[in-house]
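Enquirer: The whole structure should be built from the sequences, with the hints applied where relevant.
Protein chains in written order, with the numbering used here: chain G, 1 to 467; chain Z, 468 to 934; chain A, 935 to 1401.
One or more of the hints may lead you astray.
As the list claims (entries may be wrong) - Listed below are several chain Z residues computed to face chain G (Cβ distance under 8 Å; list not exhaustive):
1) 469
2) 471
3) 475
4) 476
5) 479
6) 533
7) 535
8) 587
9) 773
10) 794
11) 795
No wet-lab data here; the hints were simulated from the structure. All C-beta atoms, glycine included, are put in the ideal place defined by N, C-alpha and C.
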Amino acid sequence: MHPDRCFDADPGVRRVARELYEGTRALPIVSPHGHVDARLLATNEPFANPAALLVTPDHYVLRMLYARGVPLESLGVAPRDGGSFERDPRRIWRRFAERYDVYRGTPTGLWLDQELFELFGVRERLTAESSDRVYDAIAERLGSPEFRPRALYERFNIEVLATTDAASDFLEHHEAIRRSGWHGRVIPTFRPDAVFRISSRGWRDAVGALGASAGHAIESAEQLVIALAARRAFFKSMGATATDHGVMEPYTETVSAGEAEQLFERGCRGEATVADQRRWEAHLLMMMARLSADDGLVMQLHAGALRDHDTPLFERFGPDIGGDIPIATEYTRNLRPLLSAFGSEARFTLILFTLDESTYSRELAPLAGHYPAVRLGAPWWFHDSVEGMTRFLDRTAETAGVHKLAGFTDDTRAFCSIPARHDLSRRVQTNWLARLVARHIIDAADARELARLLAYDLAKRSYNLET
Amino acid sequence: MHPDRCFDADPGVRRVARELYEGTRALPIVSPHGHVDARLLATNEPFANPAALLVTPDHYVLRMLYARGVPLESLGVAPRDGGSFERDPRRIWRRFAERYDVYRGTPTGLWLDQELFELFGVRERLTAESSDRVYDAIAERLGSPEFRPRALYERFNIEVLATTDAASDFLEHHEAIRRSGWHGRVIPTFRPDAVFRISSRGWRDAVGALGASAGHAIESAEQLVIALAARRAFFKSMGATATDHGVMEPYTETVSAGEAEQLFERGCRGEATVADQRRWEAHLLMMMARLSADDGLVMQLHAGALRDHDTPLFERFGPDIGGDIPIATEYTRNLRPLLSAFGSEARFTLILFTLDESTYSRELAPLAGHYPAVRLGAPWWFHDSVEGMTRFLDRTAETAGVHKLAGFTDDTRAFCSIPARHDLSRRVQTNWLARLVARHIIDAADARELARLLAYDLAKRSYNLET
Amino acid sequence: MHPDRCFDADPGVRRVARELYEGTRALPIVSPHGHVDARLLATNEPFANPAALLVTPDHYVLRMLYARGVPLESLGVAPRDGGSFERDPRRIWRRFAERYDVYRGTPTGLWLDQELFELFGVRERLTAESSDRVYDAIAERLGSPEFRPRALYERFNIEVLATTDAASDFLEHHEAIRRSGWHGRVIPTFRPDAVFRISSRGWRDAVGALGASAGHAIESAEQLVIALAARRAFFKSMGATATDHGVMEPYTETVSAGEAEQLFERGCRGEATVADQRRWEAHLLMMMARLSADDGLVMQLHAGALRDHDTPLFERFGPDIGGDIPIATEYTRNLRPLLSAFGSEARFTLILFTLDESTYSRELAPLAGHYPAVRLGAPWWFHDSVEGMTRFLDRTAETAGVHKLAGFTDDTRAFCSIPARHDLSRRVQTNWLARLVARHIIDAADARELARLLAYDLAKRSYNLET
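Expert: If you want it as structure tokens, here you go:
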């Protein structure tokens, strides 16, 4: 692990980058959006084994192996039909180790290298030959108290960690963390996607679950919004500062109350079409913005993933195993109704994420460069790489200004990857600033302030985490 | 203001960039497309005050403050309903000064810094604390004869300045400049957008105004084209060398005479739809290309801005206050009819501008790399930044060749920003060429010639300004 | 010709790039996709003259001159109507030499410079003044035995050269090469585009020709697929390892047998519409994938060129004279049916090419980063330039991994440009790797392996050329 990794080769840039990075590397980690399971920190049980920690549950890791022909069963992923799969973690680990070269030059490789080196003290390359030794070294550490989740949370210097939770979630793990007296700040995020998907088979169940959690039956679109408002209030009481919404297309439109009820009824009868869902989602996004302008929960929008692209694989293994593929995404027209209505509201913040980099300079930076409510979420998913993060900064900051970015979000399920992800992000951010300094576009004092903003302050401010 | 600002840190690149830049910095400014008001140079009255010069009328400046929550009223923008707004220029200036950090790292910031330093001799940072001193220093200068518009035109070393004018404009300010005996070359550009928008409420008035200016009533589509031809001839007699057309979508199609008349009639009855407008615009673009192939006026096409995206803000303040947002734009299919008909005509030049950078390498460079008539307009609006201009050159020059670029256009309303905009452009262009030299892709002699082309010759040639 | 051309100016990057390049420059050339005419190597006749070799047949060369106003007739291109055109090769060459500056900074210029210098030993700049001397020097060499096609094949160190051939081609030139006893490996590629274009006038003739070559009449969609399977077997027996498919849109869908027959019948009656063609192509792409999964021929897909954009020029000169323009292209949704059906088949390889760079990171890299069958074809056509190839690597490798790229394909008709094209590609690839090494993202040993992969191994593996 070279101390100057990811910094430009040019000595002038590198010197500045190194200095800026040194000023941010020890800042606490603010993680306002991710998918760590709160149960981890509620129970504080040790991690089971290296494969269950680093391989089997991480779709970033799985997809690169699958794409090279490694069956998911051999990596410990259980088929839904009860078919056989590898259960021996040491063999799963070996399969991973044998093909560790697939991660060369990828962000996943940079994260894994750093985890192995810094967290687990591994000092040799992971290969088929070293597989068992590395496995044993990690397994030994996982058994020690210092590697329990809460101890790691502290060692990682995490200041706040947001999870992502269904609207009907009772947040019992968040509650357990609170009651435990442990000081870690683990907060929920309100994600009501299930009740948005009115044309899917699971919609009625999702509405039922929402009603059960809200304490009243939901028999109309209006009641559904009332239930959502109640759940938002509950999430807020549990520390939430944000909501999150995943949609294919960020389409918004003012839908009349009458039409909303018709859509609701078609959903109840199981007759809602894909076109109905488009309008229903448009309606609920408007409702969510209206509630956010009222209750102050920051609204996140993740658009543009076509989920479960590989139909047979989805049928065999379920979601989240690496088969989601981005699509071209339109923001300018789609968000116009929502932004015309709420984009200048003082209490409203909308954080936009995309998987379509062509929108960075064409749509997202101009939107953030006009509407007070809009901030730009970090380069997402396939784009939180060295080049991807640099492209994001290059394409957005000149038009929107650095202050309109929302800071870094690691968006990860993989708890132990959090420090490496934030470290890589800080390296890229400071290197990007160093290029501006070296070209005399900003001065060193500006760069130090902006480095701190990008690493820490922007995430706290954008997600209302300053109190 | 560092003398090497915007040049790469690499010493090899920087040395070449500096030398190339020194060879272009003193070249006269050719400004073939922009929005300076000709009245400025006709009356030659002093600028009123620093705020009225630099803040209130410049939507580049306004939008960055608005996006950070600063109300437009506080920046001196008057609501259309007669509501109150800040009228004290010193207070407007202070509001601007307090938030001057929003421009850090943005092209607007680079332009403003250079204006303050070079034009107004300001030697301290603009902050809340320095606000009044800077205001007084600028105000004092604005009162002196050297800061009258014509004196500045000369000091800026402007060789030609094109304005943008409605088709029905009587060009009395251009006429006054001519009659005054002053030697400055201030020429109009023919922009008939108002008669393109057949589905808008103002269309009939626009047609009426066009008829009045052309000296005959317009009662058919055919008469409308005849009137446009007459007005083009008048503009040409006043020095115009180009037309300009702003459309959402650059759709073109051969529309029959009969259908054109039907569209015209629906427009007259106030019944034209958005679909009608699309065909009407397609028809008029074809007519304008035909007339350009005949009268030699260079045709500019600016496509892809969704104007007045923020509906309530537009209703409150009107257009051009920063709320225009780009959309994805298609050129290959849309321009095929026009280019098949006129793209190889000897007298025809079509200069294409885009707000959608994904079209640079996919559509625009290949079109310019085939059709003799096509040239690529400078990176427009949100993209005339350091990174934006570099991306444009990287994505177009290899396929189209530098000679098919149209040179730099500043496209500004802000008269005093013209030198800074051209200077930044020349810095980026020469740095881009220096990278080619340093990689031995072109040699130093080629680079000197190309630097001059990009800074000066291409604009003159592309806009027929050589005579 | 500077030995370090195309390498970064930074000394740290350049040193590594130079070393990596030296390790790959002498590797044999694997050319698995291109358009060289097999007759050239079958007859082994000398090239006629410099113009017929380097100017008239190369649309890369022609379009840059045409775009600057040089008539195609003056470059030796024959109008279809029998109109006059320049027949004197020396005059054609002079026209080319006079305007040689149009190629400055373009990939075509880099290739031509290298051909003139390295292959033909030209040591002066090509200009109007030097035109005749250079012509004579080249013409003299073309007359010598060392400049016959087979001698050049050997001098170029070509290991395998794939041509592109119609499905009904009898491959007599490939057969002649085989029978001649010459050791060169010149293999065909199966490209059945003509029978895909069911709405075009030539479709019935193409079906007839396919039937004739397959030895049976084709009277149904089913028989057509059977004939294609037979021809694939024949191509394979002649050394083919791949198919190729050119479509505007990579749309795929499972079409029922009944519907396929209805489409076929409408095609036979000359009644197939553009919409019919879309479904027919979708159907045949599915069939081709099914056959590839069976016979192991690698499937190449080239999507997104709008052919013959300039209608009058096409009517005057026919296809392939530089008037093809890219369009925005969608892969995620369009390929879903095909990839869900075959994307994880062990024997199936699908190599995707695009002219729409916005899909690199948004769609293509994620698809290759999931589906075992998918590999990414080299930056195609307008994008095989220094910046274009660098963008491709930057946007795909982090997400898909270098191993999922298909290596370089020169895609050229211009036999003598092959070494220069591969050399440029190797320079860009090693410079890109050197940037990773200099930033400590990969180490030097990894870089050496990846350099060899990119220059040689990936093409062999991806196209099943290892045996």
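Enquirer: Decide, hint by hint, whether the structure agrees.
Expert: These are the hints, each one checked on the structure:
no.	hint	in the structure
1	469	holds, 4 Å
2	471	holds, 6 Å
3	475	holds, 7 Å
4	476	holds, 4 Å
5	479	violated, 10 Å
6	533	holds, 7 Å
7	535	holds, 7 Å
8	587	violated, 20 Å
9	773	holds, 6 Å
10	794	holds, 5 Å
11	795	holds, 7 Å
In the structure shown, a violation is registered for the earlier hints numbered 5, 8, in ascending order.
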